[in-house]
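Using the supplied hints, reconstruct the complex from the two chains, each of which is provided in its own coordinate frame.
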Amino acid sequence: MSGPEGTSRLQSLALSEKGFLFDPATGQTYSLNSTATYLLKSLIGGVSPDALSPLVSARFDVDVETAGRDAEQFMLQLRDMGLWDDRIESEQKAAAAAGEPTP
Amino acid sequence: MKPPAGRKPLTVAVTGLNATDSPGPGVPVIRAVRDGAAAAGREVRIVGLAYEPLDPGLYMPGIVDSGYLMPFPSQGDEAVLGRLAAIHEEESIDVLVPTLDSELPAFIKMEAELRGMGIHTFLPTNEQLRLRSKARFNALAELHAIRVPRGRTVTDVGELHALHTELPYPIYIKGQFYEAYLARTPYEAEAYFHKLAAKWGLPVIVQEVVDGDEYDVVAVGDGHGGLTGAVPMRKLQLTDKGKAWGGVTVADPQLDAFVKDTMARLAWRGPCEFEVMRSKRDGLHYLLEVNPRFPAWCYLSVGAGQNLPWAVVQLALGEELGALPPYRVGTMFLRHSFDQICSMEDYAAITTVGGFRRDAAAVADAKAQVGGDRS
Numbered sequence: 000m001s002g003p004e005g006t007s008r009l010q011s012l013a014l015s016e017k018g019f020l021f022d023p024a025t026g027q028t029y030s031l032n033s034t035a036t037y038l039l040k041s042l043i044g045g046v047s048p049d050a051l052s053p054l055v056s057a058r059f060d061v062d063v064e065t066a067g068r069d070a071e072q073f074m075l076q077l078r079d080m081g082l083w084d085d086r087i088e089s090e091q092k093a094a095a096a097a098g099e100p101t102p
Numbered sequence: 000m001k002p003p004a005g006r007k008p009l010t011v012a013v014t015g016l017n018a019t020d021s022p023g024p025g026v027p028v029i030r031a032v033r034d035g036a037a038a039a040g041r042e043v044r045i046v047g048l049a050y051e052p053l054d055p056g057l058y059m060p061g062i063v064d065s066g067y068l069m070p071f072p073s074q075g076d077e078a079v080l081g082r083l084a085a086i087h088e089e090e091s092i093d094v095l096v097p098t099l100d101s102e103l104p105a106f107i108k109m110e111a112e113l114r115g116m117g118i119h120t121f122l123p124t125n126e127q128l129r130l131r132s133k134a135r136f137n138a139l140a141e142l143h144a145i146r147v148p149r150g151r152t153v154t155d156v157g158e159l160h161a162l163h164t165e166l167p168y169p170i171y172i173k174g175q176f177y178e179a180y181l182a183r184t185p186y187e188a189e190a191y192f193h194k195l196a197a198k199w200g201l202p203v204i205v206q207e208v209v210d211g212d213e214y215d216v217v218a219v220g221d222g223h224g225g226l227t228g229a230v231p232m233r234k235l236q237l238t239d240k241g242k243a244w245g246g247v248t249v250a251d252p253q254l255d256a257f258v259k260d261t262m263a264r265l266a267w268r269g270p271c272e273f274e275v276m277r278s279k280r281d282g283l284h285y286l287l288e289v290n291p292r293f294p295a296w297c298y299l300s301v302g303a304g305q306n307l308p309w310a311v312v313q314l315a316l317g318e319e320l321g322a323l324p325p326y327r328v329g330t331m332f333l334r335h336s337f338d339q340i341c342s343m344e345d346y347a348a349i350t351t352v353g354g355f356r357r358d359a360a361a362v363a364d365a366k367a368q369v370g371g372d373r374s
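Residue numbers (numbering that gives the first Met the number 0), protein chains in the order written: chain V, 0 to 102; chain C, 0 to 374.
Warning: the hint list may mix true and false statements.
Stated by the list, open to error - Below, simulated DSSO-like cross-link-like pairs (lysine-lysine); rule was C-alpha separation at most 30 Å, straight line:
| id | chain 1 | residue 1 | chain 2 | residue 2 |
| --- | --- | --- | --- | --- |
| 1 | C | Lys198 | C | Lys259 |
| 2 | C | Lys234 | C | Lys279 |
| 3 | C | Lys279 | V | Lys40 |
| 4 | V | Lys92 | C | Lys279 |
| 5 | V | Lys92 | V | Lys17 |
| 6 | C | Lys259 | C | Lys240 |
| 7 | C | Lys259 | C | Lys279 |
| 8 | C | Lys234 | V | Lys17 |
| 9 | C | Lys198 | C | Lys240 |
| 10 | C | Lys259 | C | Lys108 |
| 11 | V | Lys40 | V | Lys17 |
| 12 | C | Lys234 | V | Lys40 |
Simulated from the structure, these hints should not be mistaken for lab results.
If we strip away everything but chain C, and leave its shape as in the complex, we get (with noise of 0.2 Å):
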């Protein structure tokens, strides 16, 4: 049941809806692209992609119009494009901004086929994807000459015990997805390379401490090296996990200089997140981790004047970008989490039938105008 011809608005679909501990980026892209078409005056529908029936995107009011459950990255790439065109027959979806790091690798495959069908993403390539990753993450210094801490993977507890000289303790051991650790000592060294190796598979990473002050940076790459637009802040609070629970804009010239310089040598295309600590010992900056999509406080982007997923959705339709307003320093955000009431009838839809419209009532009317089916 596709909307009247004539009357179609932009359909952009969001992933990222979960929130356990930590909310996926979601809720706030979506914020944030509602907000840009509603500055520029244009209508926007948001189609909600989940992996789990429980996510809390799909429930919130004023978030998705529709909402759909996806298959998972690791049921194929045939099961995701399938599931995909099948909403995409629905919905005639306009762009596609995936959130999530596991998704990522899926949709920069496919990207041509999803343009073909007239799906638009602005992604970045699988090599740049693959660059950054934690296992390969010092070849950024060896290609492109970025700042990171020195490190190392490993492969087994000798080659950890081995590198103590190179790197002295302590030292960061880093799972190649997710989590890292400090150790201290040999013994604790030891402790978490079998707990991350077990959990995620080697290399495991080995990282140089660098001491300092950490600044997150919410940028956009036009693809060739330039910076469509980046905003830096501090973390105001965290969790017990380290994720911003709060956060402020900040202006050092020097952090600006050191994201366009990254961003040249990278040619990043799409948005992603610069982790950059300021070192106590030099006063420089070293690039700690870049994640490859939107990250959860994105939307302090918006409260700061410079809407980068509106930003993100204008560039993968191919549209042309004035330059964008500087971003506000000292505007801050300080995230809450709360119980909101959730409708029976979306739950049962999502479980049933794996998806729901909220506007479909609407829709009929709509067709009913323009003397649509009847049955």
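Next up, chain V with everything else stripped away, as it sits in the complex (with noise of 0.2 Å):
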């Protein structure tokens, strides 16, 4: 499933400051805390999955090996939401290569 005509996936989510998540292409919405919602909006922005446990290193000020096991468990939660995907990555990889602007 992609986004709407002209974004990629990840794209068209709409995520709030509070961590209130709208995905347009299913209707289904969440409530991420504020650790998830750091780290949707670092993929959002182009960060990829193996890079985002130095980030919650840094900004959550824990060590790197549980912010890896945060980041793993988070994108694994992803997958199960049908946010992450082979494709969506790709489309993800993409988008960071053309040099998009973050949203």
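Below, the structure is given as structure tokens:
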């Protein structure tokens, strides 16, 4: 499932600063905690999953191992929610390579 | 007693004013038509057509200007046409928007006669109506290559049980008009078969389960395969009968493409609701049902910026429609039922003489101003 025409799946998501997430493709809504909000914003902004744990470690002042586990759990949850898969990852990489501005 | 000549507003008759555990589409259609007329700077009168004197839409403030009882469709086309002609004599109806499945065959059959009387409609053909019926639903796949769940009609228990290799359990057992049950075993299937056959007659429909996410789409077809407008939504909360009691508009390009393609194949004329399932197994969309009229949640189309009931009124009148604006994604609706205080005078009028006019005094005043009948 892609996002509305002209947007990638991730870019089509509506995420508020307070962690309210609306997925317009499915109509589903979610409440994210502050860590998940930061992680999803980073992904939407073009950060690759591999680069998330050092960002989380720095932002939330936790050791890299804990941050890595949190990031991994988060990515698994995104997959369960249908918001991350190989195709979405390719879209994100293509967008990053094209140097598209972050939303 | 008709409004004076030269001051006649657009008069739209709407059915479906009932509301028991699930409201009819009449009131939301009326709200949409009033909104559309107001936005277009046009004066509109609404004539409510009800089948029961206690249909709540008759009594809601700001909904109907006059209300009339209609004979049930089962009383025959002559009775329906005769009653409509008598109401038309009083009201000079310009457009009729039927909103109930059971009355559509009659109104479709008399479309030409209604047009001759000056009553315009925008309805599908009888063949289109029959094709999307539950009993013939798989013909949509055979004739139009529309993706639907696999299904068969059965007329006896032997046929039902013979299907288990082709349609493994669980399966849906559906009545030919209404109701569907999920059967997990042959015993359940047989029990539901007898229940539905007794209630709705034969055939009974057996259909595979497509597991996934359901979306409902209110759409208007132009009759030539084109899509005048469509607003898809996902249900947010359901009644115990699975009806939407809340929903949100969504944006899924694959769903949009499926709706556009289905409409092109059906060449549907008028309003409809597509029930669509996005399968978890293969990610494809399947058409579960085509309801041949506006759904009760159709006011969401107005909230999302695409007033589909008003578009149907304009199409019925043969007016040119520009492209409708895109609908707003993320528009929510939540349904509420409330106790309204009603007029005993209106109820007395409906039950004794079969109709009332709320604006009778205003019409009499207007008539007096132009030197009308003083009797």
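Hints, verified against the model:
1. Lys198(C) <-> Lys259(C): The given pair, whose Cα atoms are some 35 Å apart, is violated under the 30 Å limit.
2. Lys234(C) <-> Lys279(C): Roughly 17 Å separates the two Cα atoms, so the pair holds.
3. Lys279(C) <-> Lys40(V): 27 Å, holds
4. Lys92(V) <-> Lys279(C): The given pair, whose Cα atoms are some 26 Å apart, holds under the 30 Å limit.
5. Lys92(V) <-> Lys17(V): Holds, at roughly 27 Å.
6. Lys259(C) <-> Lys240(C): Holds, because 29 Å separates the two Cα atoms, which is no more than 30 Å.
7. Lys259(C) <-> Lys279(C): Within the cut-off at roughly 21 Å; holds.
8. Lys234(C) <-> Lys17(V): Roughly 24 Å between the alpha carbons, so the hint for Lys234(C) and Lys17(V) holds.
9. Lys198(C) <-> Lys240(C): 17 Å, holds
10. Lys259(C) <-> Lys108(C): OK: Lys259(C) and Lys108(C) at ~27 Å, within 30 Å.
11. Lys40(V) <-> Lys17(V): The hint holds at about 12 Å.
12. Lys234(C) <-> Lys40(V): This hinted pair holds, its Cα atoms lying about 27 Å apart.
Hint violations for this structure: number 1 only, all remaining hints satisfied.
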